[in-house]
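Okay, so the sequence shown: first residue is 1 according to full-length UniProt numbering, each after it adds one.
Hint data in this document are derived by calculation from the structure and do not stem from the laboratory.
Be aware that a few hints might be false.
[To be verified] Now the in silico label distances, taken between C-beta atoms and shown as ranges:
1) Arg293 / Leu263: 22 to 30 Å
2) Tyr36 / Phe174: 18 to 26 Å
3) Phe197 / Asp122: 20 to 28 Å
4) Phe195 / Val229: 48 to 56 Å
5) Val264 / Phe174: 30 to 38 Å
6) Leu209 / Glu151: 27 to 35 Å
7) Met191 / Ala84: 18 to 26 Å
8) Thr289 / Leu68: 40 to 48 Å
9) Lys240 / Arg194: 54 to 62 Å
10) Thr262 / Asn192: 46 to 54 Å
11) Glu270 / Thr193: 40 to 48 Å
[As the list claims (entries may be wrong)] Derived SDA-like pairs: lysine to any residue, alpha-carbon spacing no greater than 25 Å straight-line:
12) Lys175 / Ala201
13) Lys175 / Leu20
14) Lys230 / Leu20
From the three backbone atoms N, C-alpha and C, an ideal C-beta is built for every residue, glycine too.
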Amino acid sequence: MGAMLNVLTGFGVVVLIIGLGYVIGRTQLLGPKALYPLNMYVFWIALPATLLRFMSHADLGQIFGPNLAVVAISSLLTGFTSFALFYWIARRTAKESLIGMLAASYCNGSNLGIPLATYLLDDPTLTLPVILFQVGLYAPTAVLLLDIAEERGSGAQSDASRPRLAPAVASALFKSPLLISAFVGMILAWMNTRFGFELPALIADPIDLIAQSMVAVALVVFGMSMAEVKVLQPGISPRKSVLVASLLKTVLHPTLAFLVGTLVFGASGELLLAMVLMGALPTGQNVFTYAQRFQTQQVLARDTGVVSTAISLPIMAGIVLFLG
Numbered sequence: 001m002g003a004m005l006n007v008l009t010g011f012g013v014v015v016l017i018i019g020l021g022y023v024i025g026r027t028q029l030l031g032p033k034a035l036y037p038l039n040m041y042v043f044w045i046a047l048p049a050t051l052l053r054f055m056s057h058a059d060l061g062q063i064f065g066p067n068l069a070v071v072a073i074s075s076l077l078t079g080f081t082s083f084a085l086f087y088w089i090a091r092r093t094a095k096e097s098l099i100g101m102l103a104a105s106y107c108n109g110s111n112l113g114i115p116l117a118t119y120l121l122d123d124p125t126l127t128l129p130v131i132l133f134q135v136g137l138y139a140p141t142a143v144l145l146l147d148i149a150e151e152r153g154s155g156a157q158s159d160a161s162r163p164r165l166a167p168a169v170a171s172a173l174f175k176s177p178l179l180i181s182a183f184v185g186m187i188l189a190w191m192n193t194r195f196g197f198e199l200p201a202l203i204a205d206p207i208d209l210i211a212q213s214m215v216a217v218a219l220v221v222f223g224m225s226m227a228e229v230k231v232l233q234p235g236i237s238p239r240k241s242v243l244v245a246s247l248l249k250t251v252l253h254p255t256l257a258f259l260v261g262t263l264v265f266g267a268s269g270e271l272l273l274a275m276v277l278m279g280a281l282p283t284g285q286n287v288f289t290y291a292q293r294f295q296t297q298q299v300l301a302r303d304t305g306v307v308s309t310a311i312s313l314p315i316m317a318g319i320v321l322f323l324g
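Whole structure, please, built from the sequences with the hints as guidance.
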């Protein structure tokens, strides 16, 4: 009973802060343009500070161990299932099916994953395998495939003009403040283990203070972003596709993470909880960015992000309750 109360209290706090952000967004309490600068503060300053703070004392073997493999395998299996449903069953184009694939398998690992992992599990580094896989490999590969599908739809171009995977991956890695801060944190962790090096208080304390602001501000910003979206509009939204993608993301993805984690890697305890919880994260907001870039399935990407978020919160509460 006490464990259930703790879980419900933890998620209740998260929902209340998101709800506060929603009210702020609806009433424009902070002004009509407050969302963008707050979002940029979270993305460029607070999230990197949090990762740097925790990574500098993290167990690197745990980050790059089974957790990363489970993230990759479960994401790819879920993505392939979604692509197959959209492409072969629903008879969508390759471009549309690729966005459907991302909507069903690309996690909101930064904006929602890091705050949840920090508050509920007290370890934001548990989300790093998700971010590393998605930013370093999954998204660049998907964008490459979308480019190829777009070229085929508008007339084939020469091989020399096609985008290459390696430059796309390198560009994604070097442009991500999250991965850069994680990399710096790994260097500090190695220096701490090898030489006992610690950042001086003059540098470490400001980083800690900024990191402490991350959870609240990120959740408020997430709620504010929900206030600006109208979803499942009749005649505009592909409701059945949104529901399918949302269920694949919030039900199939964590189920596969659980099966792969237990049957293949023998995971249990907090490691298994982290694997399944990361799989249950809702659709990442980047999917809508890719849909906009390629002018396809924009409503599907947007609505799946919102609907999967609403579905995922009670599912994640159940996961923490039964596996925590």
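Against the structure, the hints come out as follows:
1. Range check, Arg293 to Leu263: Cβ separation about 37 Å, and the 22 to 30 Å hint is violated.
2. As the Cβ distance of Tyr36 to Phe174 is approximately 24 Å, the hint placing it in 18 to 26 Å holds.
3. For the pair Phe197 and Asp122, the beta carbons lie near 24 Å from each other, so the given range of 20 to 28 Å is met.
4. Roughly 49 Å separates the CB atoms of Phe195 and Val229, a value that falls within the hinted 48 to 56 Å.
5. Checked against the given bound of 30 to 38 Å, the beta carbons of Val264 and Phe174, roughly 32 Å apart, stay inside it.
6. At roughly 48 Å, the beta-carbon separation of Leu209 and Glu151 lies outside the given 27 to 35 Å, and the hint is violated.
7. Met191 and Ala84 have their C-beta atoms about 46 Å apart, which leaves the hinted 18 to 26 Å range violated.
8. Between Thr289 and Leu68 the beta carbons are some 24 Å apart, a value that contradicts the proposed interval 40 to 48 Å.
9. For the pair Lys240 and Arg194, the supplied restraint of 54 to 62 Å holds, since their beta-carbon distance comes to about 55 Å.
10. For Thr262 and Asn192, the hinted distance range of 46 to 54 Å is not satisfied, since their beta carbons lie about 33 Å from each other.
11. The hinted range of 40 to 48 Å is not satisfied by Glu270 and Thr193, whose Cβ atoms lie roughly 21 Å apart.
12. The hinted pair formed by Lys175 and Ala201 fails the criterion: a straight-line CA distance of about 28 Å is larger than 25 Å.
13. For the hint pairing Lys175 with Leu20, the CA-to-CA distance comes to about 31 Å; that exceeds 25 Å, so the pair is violated.
14. Between the alpha carbons of Lys230 and Leu20 the distance comes to roughly 18 Å, so the proposed pair stays at or under 25 Å and holds.
Against the hints set out earlier in the document, violations occur for numbers 1, 6, 7, 8, 10, 11, 12, 13.
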